[in-house]
Each structure stands twice: as structure tokens, then as C-alpha cells.
Amino acid sequence: MIDELALLKCAGEGLDVEGAAAEEHARVALQRAIASERRLLRGRRGPAARRRLSVRMAIVLAVAALALVIAAATRSGSSTGPPAAAGAVLERLARVAGAQPARVPERGQYLYSESRSLSNATVASRGLYCQFDFTEARQNWIAANGQGLFIERDGPQHLEAGSPADCRSLLPQSALSAGVSRTWAAPGCLSTSPVPLGGLPRNPAALRARLLTGKVEGGPPGAAEAFTQVGDLLRETDAPPALRAALYRAAAGLAGVRNLGTVADPLGRQGVGLAIDDHGIRHELIFDPRTSALLAQRGVVIAHTRGEDAALGSLAYWSAYTPGRVVSRLPAPSPLPLRPACVRGGGTVRQVPGRAADSVIVGSSSLRAAAGSRSSRRAV
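Sequential numbering of the sequence shown, starting at 1, is according to my numbering.
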């Protein structure tokens with residue numbers, strides 16, 4: 001039995017069955033194959049040569065015709081709307097995610113992840129309102145008990161297009177160059193996920209209903225917010241495979257989600273893109289189809305809204321991620337004791353003496369204890 005798709009690959013004719021130009025690509029491939037075989041026939045003589053070429057011509061024509069059929073079927077299949085295509089992609093990602101190993105750090109281990117993001121800062125002074133952009137790179141080491149370290153590298157700040165030139169004078173010199181800061185955290189001060197994952201349902205329909213309320217992370221209700229929360233729960237977290245698979249299937253049932261096909265993320269990596277539009281922004285999630293890992297989130301300006309004048313097609317925001325892995329140590333020990341632990345995430349930041357860029361996060365009770373100690377000394 002002839003494997004027609006394998007023959008297409010051997011012939012060097014790629015077929016993007018999900019692309020909008022698949023049918024035209026196949027038609028061009030067919031015309032090119034026919035022209036090539038005719039040239040070869042004119043240059044060959046003898047029954048054996050003609051017989052070999054006739055067989056090859058039959059195979060090429062069959063394969064090229066199959067390409068047209070596949071392309072036409074793809075086009076007609078997509079007539080049901082992008083959500084159906086997106087649903088098929090998300091179902092494939094769900095199956096891949098369910099087969100991936102868990103990434104939960106054990107005692108003495110940390111979940112390590114990296115990210116890069118487009119960030120902005122606002123400065124208002126002397127009647128000027130100024131917006132600056134900069135790239136932020138972050139490395140996280142987070143233990144299961146919430147202890148860990150994160151290192152941030154902020155790139156130089158750039159004045160947004162259209163801002164008054166006088167805004168540049170408002171930036172301190174330190175903002176015009178890259179800076180690095182390190183922050184250690186006591187137990188309970190950090191988290192490997194934006195919300196507790198244990199209470200989230202693994203049933204896709206129930207999970208989708210919960211996401212649509214907007215209450216999982218405290219956002220507005222609706223499909224766009226639910227789509228964004230799916231990305232938040234998949235990035236840099238230790239979500240177990242069953243929950244990750246459920247998140248993909250929950251997203252598959254959201255109205256308005258569509259498949260963008262193969263796209264490049266902000267770091268140039270190729271992945272499958274899915275998107276939903278909301279208030280003039282196309283919110284995109286880009287996934288690695290081989291591992292289901294979330295490569296990036298970004299927002300693209302597709303319409304002008306009140307109070308916004310960003311150029312159409314420009315990026316409103318973006319973040320790119322390196323899939324997390326479990327490691328056994330921190331790159332450097334904390335310069336200060338990491339106690340007391342944070343309670344319910346509440347803590348305070350303490351500067352490391354003599355190291356302006358380094359700090360630690362400890363439980364808020366340390367301030368109360370210090371205040372009580374000073375009161376006792378005053379009473380004595």
C-alpha cells in the first residue's frame with residue numbers, strides 16, 4: 001500500500017493542511033510535478049524508461065491529487081468556524097499534556113523556570129505623563145514549601161513612541177542601563193502557582209464553568225478572561241498532568257477561541273498559536289506542539305479603543321517562558337536568615353546591608369516582633 005503523505009514528503013512538497021493557502025500550494029505542486037515529468041519524458045528514450053516514468057508520473061499525479069483533496073477537505077472542514085479548528089488543536093495538546101511527567105519539587109528541591117516580559121513604567125511630573133517600556137528577564141527557584149529565590153534583570157528603559165521628548169529627563173541614570181536584583185524568600189512567601197491548584201476540578205466542563213466566572217484569579221467574568229487564566233495556570237507552575245490536560249480541554253469549549261496555525265513567539269521559537277479577541281486586543285497563547293508547554297503569551301492591538309492610540313499590529317504586552325524543571329539547589333545562599341515564615345503569603349521585604357540590589361522576604365511577624373522589642377526597651 002502506497003503511503004501518499006510519505007511520498008509527498010519524499011518529493012519535497014510540504015503540505016500545511018491547516019494553512020489557509022493549502023489548496024493553492026497543492027495546485028502549484030501538481031503543476032510543477034506535471035511540468036517536471038514532461039521534461040523528463042522528452043529527454044528519455046526506450047520502453048523501459050517510458051514505463052518507469054509512467055509509473056512515477058502516476059504516483060506523482062495521485063499524490064498531488066490527494067494533496068488537492070486534503071486541502072479542499074481542510075477548507076470545507078474549516079467552514080464550521082475557527083473554534084472547531086481550535087478545539088481539535090487543544091484536544092491534541094491535552095493528550096500530549098496528559099502524558100507528560102509531573103514537575104513537583106520534593107523536599108530540598110526547587111521548581112526552576114525562566115521568563116522574559118515586556119514591562120512598562122509610568123512617570124508623572126511637572127505636568128508630563130510619560131510611559132517607558134523595558135524588557136524584564138526573571139529566573140525563579142521555588143520550593144514546595146514556598147521558600148526560594150528570584151533574580152530579575154531589567155533592561156534599559158525606552159520612551160514609548162509619541163511621548164514628549166522632555167520625558168527622558170525624568171528618568172534617573174540608573175534606569176537607562178540594565179540592572180540585576182536578587183530576592184530570597186522564607187517559607188510560605190512564594191508559590192509555584194498563582195492560585196491553589198488542589199481545589200480546581202479536573203472535569204473540563206466544570207473547570208470551564210469555574211474559569212468563566214472570573215473568580216479563579218479574581219478577574220472579570222467571560223471567555224477572554226477565562227482564556228487568559230488558562231495561560232496563567234499553565235505557565236511556570238507545577239500543575240499535574242491531569243489538570244493541565246483539563247485546562248486545554250476547558251479552553252476548547254470557550255466561545256471565540258481560534259487557531260492561528262504555526263507562529264513565532266517573541267523569542268523566535270515556533271509553536272501553535274491560539275487566540276481570542278477582547279476590547280481591541282488579540283490575546284494569544286503559543287504552545288510547543290511536541291510537549292504542550294506554554295511558550296508565550298502576548299497581546300496584539302487590533303482596534304483602537306477609547307483612550308488608546310497604540311499602532312494597530314503593535315504588541316500591548318508579551319511574556320515568553322522556558323518550561324520549568326526540578327533542580328536540587330539554589331545558585332547562591334541567602335545572606336540573611338529566612339525566618340520567620342510568611343503566613344498566607346503575607347511578608348515584608350528587608351534590604352541586605354551593603355547590597356542595594358539584594359533583599360529578602362520574610363514573614364510580617366518579624367516587624368511586629370521588632371516593634372515589641374523596641375517597646376520593651378523603652379519601658380525599661
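Don't take every hint at face value.
[Stated by the list, open to error] Here are the simulated distance ranges between beta carbons:
1) Arg290 - Ala165: 32 to 38 angstroms
2) Arg202 - Val327: 25 to 31 angstroms
3) Leu197 - Gly127: 46 to 52 angstroms
4) Asn203 - Tyr129: 33 to 39 angstroms
5) Ala255 - Thr348: 21 to 27 angstroms
Hints were generated in silico from the structure; no laboratory data involved. The beta carbon of each residue, even a glycine, is placed where N, CA and C say it ideally should be.
Identify every previously stated hint that the structure contradicts and give their numbers, smallest first.
Result: hints 1, 4 and 5 break, sorted rising.
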